[in-house]
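Chains as they are written, first to last, in full-length UniProt numbering: chain A, 1 to 284; chain B, 1 to 284; chain C, 1 to 284; chain D, 1 to 284.
One should not assume that every hint holds.
Unchecked claim - Straight-line Cα separation of at most 35 angstroms, DSBU-like style, residue types lysine-lysine; simulated pairs:
| # | chain 1 | residue 1 | chain 2 | residue 2 |
| --- | --- | --- | --- | --- |
| 1 | C | 43 | B | 58 |
| 2 | A | 160 | A | 78 |
| 3 | D | 154 | B | 109 |
| 4 | D | 149 | D | 96 |
| 5 | B | 114 | D | 149 |
| 6 | C | 263 | B | 15 |
| 7 | A | 58 | D | 78 |
| 8 | D | 2 | B | 109 |
| 9 | B | 252 | D | 272 |
| 10 | C | 58 | C | 74 |
| 11 | A | 114 | D | 272 |
| 12 | A | 15 | D | 74 |
| 13 | D | 74 | B | 252 |
| 14 | B | 82 | C | 74 |
| 15 | C | 114 | B | 279 |
Hints listed in this document are in silico derivations from the structure and should not be mistaken for laboratory results.
Protein chains: 4
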Amino acid sequence: MKETATLLISCPDRKGILAEITGFIARNGGNIIHADQHIDFQKHIFFMRIEWDLENFKIPKEKIATAFSFIADKFSMKWNLKFNTETPNVAIFVSKYDHCLYDLLYRFKTGEMKGNLKLVISNHRNLENGVKMFGVDFYHFPKTKETKKEVEEKEIELLKKESIDLIILARYMQILTDNFVRQFPNRIINIHHSFLPAFVGARPYHRAYERGVKIIGATSHYVTEELDQGPIIEQDVVRVTHRDTVEDMIRKGRDLEKIVLAKAVRWHLENKILVYDNKTVIFD
Amino acid sequence: MKETATLLISCPDRKGILAEITGFIARNGGNIIHADQHIDFQKHIFFMRIEWDLENFKIPKEKIATAFSFIADKFSMKWNLKFNTETPNVAIFVSKYDHCLYDLLYRFKTGEMKGNLKLVISNHRNLENGVKMFGVDFYHFPKTKETKKEVEEKEIELLKKESIDLIILARYMQILTDNFVRQFPNRIINIHHSFLPAFVGARPYHRAYERGVKIIGATSHYVTEELDQGPIIEQDVVRVTHRDTVEDMIRKGRDLEKIVLAKAVRWHLENKILVYDNKTVIFD
Amino acid sequence: MKETATLLISCPDRKGILAEITGFIARNGGNIIHADQHIDFQKHIFFMRIEWDLENFKIPKEKIATAFSFIADKFSMKWNLKFNTETPNVAIFVSKYDHCLYDLLYRFKTGEMKGNLKLVISNHRNLENGVKMFGVDFYHFPKTKETKKEVEEKEIELLKKESIDLIILARYMQILTDNFVRQFPNRIINIHHSFLPAFVGARPYHRAYERGVKIIGATSHYVTEELDQGPIIEQDVVRVTHRDTVEDMIRKGRDLEKIVLAKAVRWHLENKILVYDNKTVIFD
Amino acid sequence: MKETATLLISCPDRKGILAEITGFIARNGGNIIHADQHIDFQKHIFFMRIEWDLENFKIPKEKIATAFSFIADKFSMKWNLKFNTETPNVAIFVSKYDHCLYDLLYRFKTGEMKGNLKLVISNHRNLENGVKMFGVDFYHFPKTKETKKEVEEKEIELLKKESIDLIILARYMQILTDNFVRQFPNRIINIHHSFLPAFVGARPYHRAYERGVKIIGATSHYVTEELDQGPIIEQDVVRVTHRDTVEDMIRKGRDLEKIVLAKAVRWHLENKILVYDNKTVIFD
Chain A
1 MKETATLLIS
11 CPDRKGILAE
21 ITGFIARNGG
31 NIIHADQHID
41 FQKHIFFMRI
51 EWDLENFKIP
61 KEKIATAFSF
71 IADKFSMKWN
81 LKFNTETPNV
91 AIFVSKYDHC
101 LYDLLYRFKT
111 GEMKGNLKLV
121 ISNHRNLENG
131 VKMFGVDFYH
141 FPKTKETKKE
151 VEEKEIELLK
161 KESIDLIILA
171 RYMQILTDNF
181 VRQFPNRIIN
191 IHHSFLPAFV
201 GARPYHRAYE
211 RGVKIIGATS
221 HYVTEELDQG
231 PIIEQDVVRV
241 THRDTVEDMI
251 RKGRDLEKIV
261 LAKAVRWHLE
271 NKILVYDNKT
281 VIFD
Chain B
1 MKETATLLIS
11 CPDRKGILAE
21 ITGFIARNGG
31 NIIHADQHID
41 FQKHIFFMRI
51 EWDLENFKIP
61 KEKIATAFSF
71 IADKFSMKWN
81 LKFNTETPNV
91 AIFVSKYDHC
101 LYDLLYRFKT
111 GEMKGNLKLV
121 ISNHRNLENG
131 VKMFGVDFYH
141 FPKTKETKKE
151 VEEKEIELLK
161 KESIDLIILA
171 RYMQILTDNF
181 VRQFPNRIIN
191 IHHSFLPAFV
201 GARPYHRAYE
211 RGVKIIGATS
221 HYVTEELDQG
231 PIIEQDVVRV
241 THRDTVEDMI
251 RKGRDLEKIV
261 LAKAVRWHLE
271 NKILVYDNKT
281 VIFD
Chain C
1 MKETATLLIS
11 CPDRKGILAE
21 ITGFIARNGG
31 NIIHADQHID
41 FQKHIFFMRI
51 EWDLENFKIP
61 KEKIATAFSF
71 IADKFSMKWN
81 LKFNTETPNV
91 AIFVSKYDHC
101 LYDLLYRFKT
111 GEMKGNLKLV
121 ISNHRNLENG
131 VKMFGVDFYH
141 FPKTKETKKE
151 VEEKEIELLK
161 KESIDLIILA
171 RYMQILTDNF
181 VRQFPNRIIN
191 IHHSFLPAFV
201 GARPYHRAYE
211 RGVKIIGATS
221 HYVTEELDQG
231 PIIEQDVVRV
241 THRDTVEDMI
251 RKGRDLEKIV
261 LAKAVRWHLE
271 NKILVYDNKT
281 VIFD
Chain D
1 MKETATLLIS
11 CPDRKGILAE
21 ITGFIARNGG
31 NIIHADQHID
41 FQKHIFFMRI
51 EWDLENFKIP
61 KEKIATAFSF
71 IADKFSMKWN
81 LKFNTETPNV
91 AIFVSKYDHC
101 LYDLLYRFKT
111 GEMKGNLKLV
121 ISNHRNLENG
131 VKMFGVDFYH
141 FPKTKETKKE
151 VEEKEIELLK
161 KESIDLIILA
171 RYMQILTDNF
181 VRQFPNRIIN
191 IHHSFLPAFV
201 GARPYHRAYE
211 RGVKIIGATS
221 HYVTEELDQG
231 PIIEQDVVRV
241 THRDTVEDMI
251 RKGRDLEKIV
261 LAKAVRWHLE
271 NKILVYDNKT
281 VIFD
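Work the whole structure out from these sequences, hints included.
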């Protein structure tokens, strides 16, 4: 695998941004591998993802950020720089349902996901053996209404100690406090088992059944302080008919949840997502 | 085309219903062409659609209803009987958008829809020539808040005079009064330009854009007194990305709306829809 | 769970079949739970799946077949009778790819699949530990061109000894001989990684890439003596673009293969598939 | 509407191409609106679509091509330059089926398609009135095996006289000769009523029915000398079941064909398609 650098950039739209960025890379001998830009014409914002080969790039890795910051400042950019040789550390939160968990364990194990799955946290013990079978650490953090805040502090401590970059809520049935969420902005991905904004909150399949919908969905999104209102990363749907019971919907939904969550995680790990204005730009 | 009879039935579930219905047809020499049943095990309701060839059927057409009513009473059935030789009369309501209208005009003209499209009603005049070009009568019924009730009375009068069996709201931008709706129970089909129950009400594409969804949808449903809450007949979706503006969503949505509305209308005209409990059973 | 019986029936279409079958069940006190029929009007064949509750059914389980055979003979039916209390025995054949295998191991383990997964056969050893981790027996049957016939004999012996009812080829990279296939008619399900009949045979993703298709697919089918020509059970597709490399197609295809294969297996185990004329009728 | 210029470029991949192109636009005061690039790493080819606002662009429209040709030559580019103020001239070829034709007539009339629909050519007369109703010229060119070559010469003469840029085969049931096809490279779009490469040639729905597929498709592609083998622009699919007759497939297929063909035409008219190596890059 070639070593590459990736810049994710957003800034007010103006003339010459693209020429400036690509000029910076070209002048320094970088070979651009992927470049994708997008302009929101309503809000006049420029977005870009650009990835280039570091072989023969004249600026050493550790000095690229400084060198680029001159351009960044000129255009008032928000930006971050990642190297494909850095592997993000990942934690999964789970409760009792295991379909998304096993799906992710398999994808991390086989290398489909470019991340280092360090640990699984659960408020129950039933999935402990399954997790350990995959050679991943398991932590049991039971919670009650009364202990939630204090337990979360311990979770945060562990996550920071392990330098966790991404938290995946794989059907975690606890609502995180605002304090927790604020520690990991745009770094907690949840899977909600409905086609948001339909059926926000609890028991979406039951409510979909009651409403008599003909299609059910799943939505992966970044977690923000407002429940099920964070930036949507991916959604998908599957048909149901009058013959499908709630149990059938739950079964069909499981396959949907796995795929929608896995896509979001993969895009995040490959630095393909830019968040702005409670929306996502996906550079796929 | 063979002459056939179709029964749509719902009743409390009990043993022996299917044997009784099929026995009735077999004893009288009828050849069953389609039979589809469904049981709602939660509510213990039996549903059936059964269609049989009338050639050699021993009971004359006009006496079938009476003959069947003995069975129907025994099982407390709600039922209706239709003959494929009867063509329902159809009216379309439209405002300024014409994509669903032209799509339907084409489908009725070519015979894809088994209905007699008698007239189009609009609160504007801009589509008058287009409608007449297809040889269909056009009526202009402008409405204001003040005149709505009284104009609706004239519309109802016309619809009854023309023996209209089905009313299609092809992006009709007026909300019908409860009085109007009650005159045509399960006989008014609307197309809503969102994936219900997401984005009930006005400007769903704009709200979908604001929310940053990754899929947009359209929903056809029977109109009830509560806005966008009637029994859903069909839904479909199409992907959007961050690159799609509201205008792109509206464009993509047009194709979706046409297809979702046309499916619902076709199923209704072919007696394939049973409504119960604010849901639909589609015997497709 | 209620004990139920299911009949799968096909026969030349004639008047009165449905009345006769449902009459048989009703007369004997059976409560019909599902009934679905289909007529092929081109070939004049009648198909049916009917399932009824055995509680209070007057004919004892072991005599139902005999009792029904009088009706079956009268209408020249092909039929089979299954009880939901009987759990079919299942074997999986696999080579080196493990995505479909793990997906199935998970579904059998969690009870989503109503079958008794007794063993996995592979021509390689690399998946042995993974299979045993799930508590399933693993058999290693390496094959060469020269030994194929003789190895297959041993496989057949094992499958018969273990009373295997269904064989799943979960990306098994060996072509079975006609002799093997003939021993298990309509009881071997394969997953082919293309949208058949496009890209029959080897390396379908590579050929899809070469052809520049915009959608790739997967197909589950019963295995017959002609390669990739057996009755199709299920197909599904996923979009690709010019940005997708062959490797991306393979990755996207994996999720597709898992879902399409799992659906076919579930339908088979729930007695929902009738095969005729190299096609399937799916009573879902 | 702003006046914009669009460049479609392909060339051997090397360092600095993007910087050179964007530098050219920036230096001359152009504001880039869309920029999308793609690299085929297997064949080392660089592709780009770039669109910029001509307001304040220092090079006058008629001199842009000359100015850019210096860069183009340096990188051995194949390229073309279009202005959004130029509206391409379009001709539709049709036989007896009218669903794609009416769909396109509607889309051109309402301005959804940015093209100037100048004429319709048919080998039959049955759609003449329908076409004229939309104010479009209709030409009747009947063909037999014997007259085909000579009739095509007249068609070519007409198309050249009317400066036709794009020819749409909207279910045109005649195979064009190699001579005709060579006159309009990558400028003839056909709709084939199957999921290519499955069911190349005649009667694809009948063959799909015979094969028992569970999904049918439609494919739009540029016409090349080999039948149904040209670069695929777009494909889509719809589910079918054992209940669908050939007639049902044809009906479902009509809606598919309309949408798949319309997408391809729209992308072509908006200069979003690059053809190479018998494939397409779609800059959507």
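We went through each hint and held it up to the structure:
Note on residue 43(C) and residue 58(B): the hinted pairing holds, with a Cα-Cα distance of about 26 angstroms set against a maximum of 35 angstroms. The hinted pair formed by residue 160(A) and residue 78(A) meets the criterion: a straight-line CA distance of about 24 angstroms does not exceed 35 angstroms. Only pairs whose Cα atoms come within 35 angstroms are accepted, and residue 154(D) paired with residue 109(B) is accepted, the gap being roughly 34 angstroms. For the given pair, residue 149(D) sits about 21 angstroms from residue 96(D) by alpha-carbon distance, which is consistent with the 35 angstroms threshold.
A distance of roughly 43 angstroms separates the Cα atoms of residue 114(B) and residue 149(D); the hinted pair therefore is violated under the 35 angstroms criterion. Simply put, residue 263(C) and residue 15(B) have alpha-carbon atoms about 31 angstroms apart, close enough for the 35 angstroms limit, and the pair holds. For a cut-off of 35 angstroms, the pair hint linking residue 58(A) to residue 78(D) stands: about 31 angstroms separates their Cα positions. Distance hint between residue 2(D) and residue 109(B) is unfulfilled; the C-alpha atoms sit about 41 angstroms from each other, more than 35 angstroms.
With a CA separation close to 17 angstroms, the supplied pair residue 252(B) and residue 272(D) stays within the 35 angstroms bound. Of the supplied pair hints, the one linking residue 58(C) and residue 74(C) holds, its CA atoms being roughly 22 angstroms apart against a limit of 35 angstroms. The hinted pair formed by residue 114(A) and residue 272(D) meets the criterion: a straight-line CA distance of about 32 angstroms does not exceed 35 angstroms. About 25 angstroms separates the Cα atoms of residue 15(A) and residue 74(D), which keeps this hinted pair within 35 angstroms; it holds.
Between the alpha carbons of residue 74(D) and residue 252(B) the distance comes to roughly 41 angstroms, so the proposed pair goes past 35 angstroms and is violated. A hinted pair counts as satisfied when its Cα atoms are at most 35 angstroms apart, and residue 82(B) with residue 74(C) qualifies at roughly 32 angstroms. The suggested pairing of residue 114(C) with residue 279(B) holds, with an alpha-carbon distance near 30 angstroms, which does not exceed 35 angstroms.
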